[in-house]
Amino acid sequence: MNEAATPPVPRHIAIIMDGNGRWAQQRGWPRIKGHEAGADSVRAVVRACRDAGVEYLTLYAFSVENWVRPRDEIGGLMRLLQYFLERNEDELHEHEIRLRVIGRLKDLPAPVRQRLRKVEKATQAYTRGNLILALSYGGRTELVDATRKIAAKVEAGKLKAKSVTEETISAHLYAPDVPDPDLMVRTSGEMRLSNFLLWQLSYAELYVTDVLWPDFREADLQAAINAYGQRHRRYGAVS
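Here my numbering = 1-based position in the sequence shown + 959.
Derived from the structure by calculation, the hints contain no laboratory data. There may be inaccurate statements among the hints.
Unchecked claim - Straight-line Cα separation of at most 30 Å, BS3-like style, residue types lysine-lysine; simulated pairs:
| no. | residue 1 | residue 2 |
| --- | --- | --- |
| 1 | K1112 | K1080 |
| 2 | K992 | K1065 |
| 3 | K992 | K1077 |
| 4 | K1108 | K1065 |
| 5 | K1077 | K1117 |
| 6 | K1065 | K1077 |
| 7 | K1119 | K1108 |
| 8 | K1080 | K1065 |
As the list claims (entries may be wrong) - Quick list of the computed label-pair ranges, beta carbon to beta carbon:
| no. | residue 1 | residue 2 | range |
| --- | --- | --- | --- |
| 9 | Y1162 | D1136 | 17 to 23 Å |
| 10 | Q1041 | S1161 | 30 to 36 Å |
| 11 | S1161 | Q1073 | 31 to 37 Å |
| 12 | D999 | S1122 | 45 to 51 Å |
| 13 | D1139 | N1025 | 20 to 26 Å |
| 14 | N1025 | G1116 | 34 to 40 Å |
| 15 | R1002 | L1157 | 24 to 30 Å |
| 16 | A1084 | R1030 | 33 to 39 Å |
If you're wondering where the values come from, they're calculated on a predicted model, not measured in any experiment. All residues carry an ideal CB built from backbone N, CA and C; glycine is no exception.
Please model the complete structure; the sequences and the hints are all you need to start from.
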């Protein structure tokens, strides 16, 4: 008797971590409490990806649109990010997980940028896993920035406009060496991409759960991976 084939594991999972505010509001707490609880879910998911053999995990941590939120909430998020890095850097080293950041990092407060760069540099040689934080990130913004880089090369005579291809655009994104996500997970039941990895998600499998992000744990991620394993990815082909 032939053994059943092992379901495939996505090489790259991208997650829209939604529902922190609602989770807090349901309990009558300030929104920042939801973000604090959501940090525990980040730790759980990083470990679950490591155990499942997922090579890349990209988390939508703070969008370019989030800057319109109340200043106290933004300040709390920035402090929480610094605390998260301080608390979890040792675990990144222990398991040889590389931290990377994508987005318009110049928009972030200087202390946050400095801490991120420090951890990025300290973990850049690791190859057992990649944790990618999308901060001050927007999919359209990324495409604008890529287009500007390409246009500058055309203006300088280093590139001909007619030679621009999909590969050219991909090569000018924030992390051109990172493979496109195989699976995109969104929590809290919302059915939209919210300007997240618009170029890279073209052929990703989408998985939406009603679970709010602070309640999302290892079993929830495994459910998403199991659902992915049942999909048949055709990439435009008939079968």
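*Would you pick out the hints that fail for this structure and give their numbers low to high?*
5
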